[in-house]
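Chemist: Using the sequences plus the hints, can you model the full thing?
Residue numbers (my numbering), protein chains in the order written: chain F, 1 to 456; chain G, 1001 to 1456.
Just so you know, the hints here were simulated from the structure itself, not pulled from any lab data.
A quick note: this is a predicted structure, and the numbers were derived from the prediction, not measured.
Take the hints with a grain of salt, since some may be wrong.
To be verified - Below 30 Å or equal to it, Euclidean Cα-Cα: the simulated DSSO-like pairs (lysine-lysine) are: (1) G:K1359 - F:K236; (2) G:K1035 - F:K314; (3) F:K236 - G:K1314; (4) F:K320 - G:K1236; (5) F:K236 - G:K1236; (6) G:K1359 - F:K314; (7) F:K320 - G:K1003; (8) G:K1314 - F:K359; (9) G:K1035 - F:K359; (10) F:K236 - G:K1320; (11) G:K1236 - G:K1359; (12) F:K280 - G:K1280; (13) G:K1003 - F:K280; (14) G:K1074 - G:K1003; (15) F:K236 - G:K1280; (16) F:K320 - G:K1359; (17) F:K314 - G:K1314; (18) F:K390 - F:K10; (19) F:K320 - G:K1314.
There are 2 protein chains.
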Amino acid sequence: MEKILELIRKQRPNHQRELSDYLTLPSISSRSDQKEVMMQTAEMTRSMMVKSGLDDAAVYETPGHPVVMGSNRKKIEAPTLLIYGHYDVQPVDPLDEWETPPFQPDIRNNRLFARGSTDDKGQVHAHLKALEAIFSHTGELPLNVVVLVEGEEEIGSPNLVPFLNEHRDALNADLAVVSDTFMWAEGQPAIVCGLRGLLVMEISVTGPNRDLHSGFYGGAVANPIEILARMLAQVKDDNGRILIPGFLDSVTPLTEMERNQIAEIPFDEQEFLSGLSVEKGWGDPDFSILEKLWARPTFEINGLWGGFIDEGVKTVLPAKANAKITMRLVPDQNPQQIADAVSHFFHSIAPASVTVETKRISGGGPGIVIPTDTPAMLAASHALEATFGKRPYFSREGVSIPVVNDFREVLGIETLLIGLGLPDARPHSPNENLHLPTYHLGIEAMVRLYHQLATL
Amino acid sequence: MEKILELIRKQRPNHQRELSDYLTLPSISSRSDQKEVMMQTAEMTRSMMVKSGLDDAAVYETPGHPVVMGSNRKKIEAPTLLIYGHYDVQPVDPLDEWETPPFQPDIRNNRLFARGSTDDKGQVHAHLKALEAIFSHTGELPLNVVVLVEGEEEIGSPNLVPFLNEHRDALNADLAVVSDTFMWAEGQPAIVCGLRGLLVMEISVTGPNRDLHSGFYGGAVANPIEILARMLAQVKDDNGRILIPGFLDSVTPLTEMERNQIAEIPFDEQEFLSGLSVEKGWGDPDFSILEKLWARPTFEINGLWGGFIDEGVKTVLPAKANAKITMRLVPDQNPQQIADAVSHFFHSIAPASVTVETKRISGGGPGIVIPTDTPAMLAASHALEATFGKRPYFSREGVSIPVVNDFREVLGIETLLIGLGLPDARPHSPNENLHLPTYHLGIEAMVRLYHQLATL
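Modeler: This is the structure we're talking about:
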């Protein structure tokens, strides 16, 4: 294996060059006029797969952007690893905040600046280069591999689950690995072992049958904005603890080990808050900020509107007010049960003066915790420690990575979330970048990971 | 006087014809391209004044639309009456909801349909025809009269107070009469004796220094929309009674007589609510709906917005939330003191997790009660009763009529608010109309009013 690693180190200039080519392709999935460039990017992904020994690699049409899939299943005795990533990227607005154009990769301070450099082309590329290094050196791979790279992750993967179902046999695997998350810091790897789920709802309050003049009607007729505000104010106590009956009942308490795992991660709460120009935090005081962000559910108002919101004054008592709500869920909160509890709560506290409607918006799913004491986790931990010189943190993320749930539900497998992004990689923002030393070491880490997993 | 009234009855067709001509002029004050038609309307107003015996009637330029003023001050011993109205009208959108074009007056069911028919050209016209009838019959007027008809009422009279100040001598009077309000019902006259004032504020809550991803930050950082909702929920108790310290302190309680005056006006609360499709009212249960609408202050959220309010889902924890608030004030609430109390209240309850800003928006003024036991009120009451056969109600309105306050403050006089509009006259809306029998009787009522006031 040392030889393979040496080979990889020698190939660094070539790797950077090829990745830069990959990054010049503006594969923005949300733009419908990008069909051609999406196909071009899928094709390039396919040809890199072939070079990695996945000789059946092919581009699969979907109702949206194509999926690229390839495999090498020559090690009958060894386990099978599903490597997932995506070749599509986020839009680039605001363009004028980019120091160099988003699709003209530029290297400054050991970083490769380009849209998609970290999210996710650079991390897909690291896996393919790891496979290629092993395959070109030894003529085979240490375990069975199937690589799946989709083109619609940034728009919610609308065609992924159907694809998984349709190609269930081809995707048959023991474990998945996804590299679309973050290191804790430069030199400090992390494996994500917890994700919060998502529940999306809208709440509307209707009062009178039309907008009223607040002078002629104000004081005698309930104002839907006011009632909505009053109801939303009852969702939490003064400390931000959620009061909706049933909301917290099924939350699996953090174990002693989980709290310790979180506590051992260095995190400066004051620095976190002052980075946001916020004097004081919010939320249940029984939990640390990381616990709140990673392992506690939320009820968040993403948008609220009602009445006259343009410039100037309009003395209206509006007919309606609306709120967009998302809730982050944790194990074992069942999204539908929580939606029902929220709906019941709002209807139960609504005064007779108004009509309340609640609606669950489709999408989202449950929160997930990935066990950290499995052989696969241990293997990943060893591979990362051997490469970066530090034992990885078992971190969590406050957001969902829906593919983890999809793999669980459709393919019945767990996912290793091993990210190569640095915290300041700025995915989704101007000046997205990839820290090149981490990327190069990442390729080596993947070589070690595959070998480790092969022995399980 | 009977002769004069007879004359008026004979002239009805002519009055209708002349008023229809007046209403064909599209004198929409909010449209800046209407300079010529505004001048044309002012000119027509002036020539009608001259016919009424106001031989010095003239059109006065202002920085906006012109004012028309004329007087007849030949009765040295008699009091002077200032008659105010406006020749400008509201815009006509939505045009397709008009059954006949807004500036092609059409008579259906005893009603003259046209923009401005009730608000306020028809009522201005009634006064001028009353003066003209007296003047043409007797060659003189029973009291001193100055008539002021402005062209900017519908856009907030931005040039009226300067005009009042500049022409204070010409406008010197003992009493004003304004006909820009409503009868209680067909055949049931009303004199408005109370108006609520207006205080306009904006409240904003700022949390983090930028919009945050609710997945990465939600649960640990206060959401400004939530905090704004929580603060607004503290403004009133569960019955809608305002809790802001100091807000209600200076409210002059309704006297026994005032409550009786309001109570004797027939008003079906259930009908009022069901007309709005509202099951239950709102607000301090110690007061009837009319008392709440006319004589109690309000705190009304006219608009509230924050976060993502477009179609779709965005999991944002926004940096800011805002509310537009208007308060209706009653005597003796001082607008600045109330603004200070509101501002202090919101700052005092704001959690340390956010920054709150409150801002008073200019405009508005105090609430007003016009004494109902004065000789002028009695005179007006008699004139209306003699004409319509019913004693007028002393009603109030929930809104301000700023000119009443302007006359008080600049000219030092009280105002009689005698309206000829019927409740379904639809001012500001499509199919505005004037009930012609009421208009014709209104002219007679004004003749009686002038004679009554002449004797004071």
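Chemist: Can the restraint linking K390 of chain F and K10 of chain F be considered satisfied, given a maximum Cα separation of 30 Å?
Modeler: Given that 30 Å is the threshold and the Cα spacing comes to 24 Å, the pair holds.
Chemist: Within a Cα-Cα threshold of 30 Å, do K320 of chain F and K1003 of chain G meet the stated pairing?
Modeler: violated, 56 Å
Chemist: Sort out whether K1003 of chain G lies within 30 Å of K1074 of chain G, counting only the CA atoms.
Modeler: The hint holds at about 22 Å.
Chemist: Holds or violated: K236 of chain F with K1236 of chain G, Cα cutoff 30 Å?
Modeler: holds, 18 Å
Chemist: Starting from K1359 of chain G, check that the Cα of K314 of chain F is at most 30 Å away, please.
Modeler: This hinted pair holds, its Cα atoms lying about 16 Å apart.
Chemist: Quickly compare the C-alpha distance for K320 of chain F and K1236 of chain G to 30 Å and report which way the hint goes.
Modeler: Judged against 30 Å, a Cα distance of about 19 Å means the pair holds.
Chemist: What's the verdict on K1035 of chain G and K359 of chain F, does the C-alpha distance respect the 30 Å limit or exceed it?
Modeler: violated, 51 Å
Chemist: Keeping to a limit of 30 Å between CA atoms, is the pair of K236 of chain F and K1320 of chain G held or broken?
Modeler: holds, 19 Å
Chemist: Is K236 of chain F within 30 Å of K1314 of chain G, Cα to Cα?
Modeler: holds, 22 Å
Chemist: Is K1003 of chain G close enough to K280 of chain F, meaning Cα to Cα at most 30 Å?
Modeler: violated, 81 Å
Chemist: Check whether the Cα positions of K236 of chain F and K1280 of chain G lie no farther apart than 30 Å.
Modeler: Measuring from Cα to Cα gives roughly 27 Å; hence the hint holds.
Chemist: Compare the distance between the alpha carbons of K320 of chain F and K1359 of chain G with 30 Å, and conclude whether the hinted pair is satisfied.
Modeler: holds, 25 Å
The structure fails hints 7, 9, 12, 13 (numbered hints given earlier, in ascending order).
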